[in-house]
Amino acid sequence: MAIPSTMRWRYFKEGLFFALVRLSALVITVSLGGLLLYIFLNGFRTVNWAFLTLPPTDSMTKGGIMPAILGTFYLTLGAIAVALPLGIMSAIYLTEYAKQGPIVRIIRIGVNCLAGVPSIVFGLFGLGLFVVFLQFGSCILSGALTLGILILPTIIGASEEALKGVPQTFREASLALGVSKWQTIYRIVLPNALPGILTGSILGIGRAAGETAPIMFTAAAFYTAKLPSSILDEVMALPFHIYVLATAGTHIEETRPIQYGTVLVLVGLVLGVDLIAIFIRSFIRKRKRW
Amino acid sequence: MDEIKRTSSHYERELQDIKQNILYAGVLTEMAIQNVVVALLERKSELARKVIDGDKEIDKLDTEIEEQCIRLLALRQPIARDLRFITTAIKINGHLERIGDMAVNIAEKVLQLNEVPQLKPYIDLPRMGEIAREMIRGSLDAFVREECELANHIRRMDSTIDTLNEQIFRELLTFMLEDTRTVHRALLIMQVSKNLERIADHAKGIADMVVYMVTGINVRHQWPGDTSDNICDEKRDDS
Amino acid sequence: MVTVEDTRVIYVKNVNFYYGGFRALTDITMDFEQNRVTALIGPSGCGKSTLLRLLNRMNDLIDGTRVEGEVIFEGNNIYDAKVDPVDIRRRIGMVFQKPNPFPKSIYNNITYGPRLAGLNNRIDLEALVERSLRQAVLWDEVKDILNQSAMMLSGGQQQRLCIARALAMKPDVLLMDEPTSALDPISTAKIEELIQDLKKLYTIIIVTHNMQQAARISDMTGFFYIGKLIEFNATEKIFTKPDHKQTEDYITGRFG
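Residue numbers (my numbering), protein chains in the order written: chain E, 1 to 290; chain W, 1 to 239; chain Z, 1 to 256.
Don't read these hints as lab results, they were simulated from the structure. This structure is a prediction, so every number in the text was calculated from the model and none was measured. You may find that some hints are simply not true.
[To be verified] Chain Z stretches covered by chain W per the calculated footprint, using a threshold of three residues with CB under 8 Å from any CB of chain W:
no. : stretch
1   : 82–93
2   : 128–138
[Claimed, not checked] In silico lysine-lysine, DSSO-like type, Cα no more than 27 Å apart, as pairs:
no. : chain 1 : residue 1 : chain 2 : residue 2
3   : Z       : Lys143    : Z       : Lys104
4   : E       : Lys181    : Z       : Lys228
5   : Z       : Lys104    : E       : Lys181
6   : Z       : Lys170    : E       : Lys181
Just so you know, even glycine gets a beta-carbon here, dropped at the ideal spot from N, CA and C.
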């Protein structure tokens with residue numbers, strides 16, 4: 001049967017559109033896969049047990065990256081310790097307590113703006129406030145606080161979504177039993193929102209672990225032989241280590257394998273953290289019944 | 001009651017169908033009474049037989065109306081106004097069917113009377129027939145138009161017919177006492193009169209139900225005279 | 001003056017209610033008597049649910065609402081400044097339109113309220129769970145699975161669990177907001193049966209869109225229209241010969 005020309009034109013347009021969509025998906029997948037593959041191929045020879053467990057030696061041209069891994073670990077943990085309570089509490093205020101109105105809207109806009117601020121600005125802010133003004137110096141504390149503020153919008157956003165995701169009927173049911181508002185939030189809303197909050201927060205962790213700019217003035221050391229003994233010590237950190245090796249040293253070419261190895265560790269770390277988040281989320285979705 | 005458009009027009013139509021059928025049954029019974037009275041006055045046995053035959057139609061309608069009402073009760077679960085309408089319709093249907101049967105009773109007596117010479121000129125009997133028909137027509141009008149005043153008026157007419165019946169009874173009694181050969185004919189006429197009086201009772205029963213349907217007040221076992229005249233005035237405080 | 005025993009558990013006097021500038025209830029005066037089931041009927045948006053939620057101060061949760069007039073519960077105006085709404089809600093239980101058990105075990109659903117109200121003795125709690133579930137005619141169905149999630153139950157069972165949960169607080173009044181609208185006919189029949197039993201112990205006020213349901217289970221019926229109480233009468237009266245034409249038009253489906 002002959003297909004009318006208008007139909008054919010429609011089929012053509014449809015085909016074209018689908019082709020474009022497929023192409024975009026392909027470009028993204030290929031570039032991401034290529035990037036990961038490139039990093040892996042260049043880095044995997046460097047990464048071994050010693051690399052992960054030994055400090056750098058010979059002006060960082062040899063040895064491992066253990067202090068940087070540890071530093072990133074401390075910084076991220078600190079950032080979470082700062083941002084999680086603050087973020088959850090802000091989200092509770094915004095969704096449960098605050099009267100929905102202009103003030104809340106302004107706060108929300110503020111939070112969103114915070115999310116859009118370039119990370120170097122956070123770094124300078126941390127330098128100004130924590131390092132200089134409060135005289136913490138360049139240390140884990142300053143860096144963790146700065147990273148904490150950086151990931152605050154992510155955590156507030158995730159927490160707000162998670163809190164809003166708890167059905168209103170749960171709140172009503174609890175309140176109607178003569179349970180106070182705070183107890184309702186504490187006993188019913190938070191437990192049901194927690195998985196969602198955690199998922200969002202883990203994504204925040206990934207971001208905190210990978211950032212260079214916020215820590216380079218506030219926490220990261222070019223090189224420290226000793227491991228930190230308190231939160232007021234400087235630390236090495238993975239992203240900053242990569243930055244240093246790739247731009248600031250005198251042995252840039254010689255340290256290429258170490259650079260790639262560090263990149264691989266960092267990317268693996270961030271991806272691993274994201275994977276955990278994805279797993280938790282799918283697990284919750286399966287369990288959810290309301 | 002002014003009609004407000006009902007959400008379910010099917011339901012409304014079913015109610016209207018019942019109304020139509022009851023009206024039709026009313027017309028048939030009215031005609032039966034008229035015919036049977038004419039058959040008596042003009043000694044037309046043919047007409048009396050027609051009335052006896054015609055009752056089949058009334059019986060058929062009775063069954064049909066009852067089925068309609070039962071179906072509506074089962075499927076629509078009527079309440080309030082509709083519930084009162086349906087219960088009223090069921091009862092009216094019963095009354096009309098009985099009226100039809102009584103017309104047949106009269107027709108049978110008429111057939112016997114027409115076989116023998118007329119005892120006396122009939123004066124009160126046609127009046128009774130007239131009033132009975134008027135009561136049926138009036139009570140059904142009141143039913144269709146949901147008019148309490150009219151229904152109440154019909155209820156009061158019943159006493160007139162009772163008086164006429166007693167009058168005929170006494171008159172025939174004197175006939176029988178004077179001449180025992182008249183007893184058979186007099187008894188037949190008495191039964192005609194009695195049946196007409198019963199027909200009027202049923203018409204009053206219809207009117208009683210209409211009063212209930214409109215006002216929600218049961219007046220079936222009250223003398224029309226006892227019922228306060230303002231029974232229909234119990235207006236609700238509508239806004 | 002003769003003192004008549006006051007059988008009103010809760011009553012509202014000249015109540016107006018506003019959502020912001022919108023007046024949702026106009027001059028409502030109503031008595032709710034002990035051990036009676038009162039049904040509130042009327043078209044959507046007529047204010048019946050608003051009135052229900054007014055009786056246990058659930059409307060407080062909505063921003064910008066305002067109450068005028070009095071709601072008297074045991075001699076006190078529950079909108080008095082010194083009255084704690086939390087306390088009121090313990091005494092006046094509520095069951096909602098959609099079954100809304102917590103994603104907890106059946107046992108913990110029941111004990112949630114009492115525990116937070118200070119009941120901690122394990123034996124008392126167990127007794128309370130059994131008593132509440134028995135009252136809600138759910139005990140036989142769930143006594144062996146008390147530790148399973150309430151989410152496993154069927155809709156009708158969930159709703160009875162919600163009733164049991166409300167009863168566990170030992171309230172004086174039980175408010176029900178279209179409790180069977182999300183249930184199948186058999187579950188609905190069970191809940192209706194239950195309501196009839198429960199009125200021996202509680203005062204029940206129920207909002208329903210189902211005329212037949214109001215007719216079946218309630219002693220008194222209030223008809224609301226555009227925020228006003230048009231008619232408040234014995235249910236039998238409402239469903240055979242209501243005093244107001246508006247009521248009759250509504251219940252016989254002659255609206256709009």
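Okay, the hints, checked on the actual structure:
1. 82–93: Check failed, 0 qualifying residues.
2. 128–138: violated (count 0)
3. Z:Lys143 - Z:Lys104: Roughly 16 Å separates the two Cα atoms, so the pair holds.
4. E:Lys181 - Z:Lys228: With Cα atoms ~31 Å apart, Lys181 of chain E and Lys228 of chain Z exceed 27 Å; violated.
5. Z:Lys104 - E:Lys181: Holds, at roughly 19 Å.
6. Z:Lys170 - E:Lys181: holds, 20 Å
Consistency with the previously given hints fails for numbers 1, 2, 4, ordered from lowest to highest.
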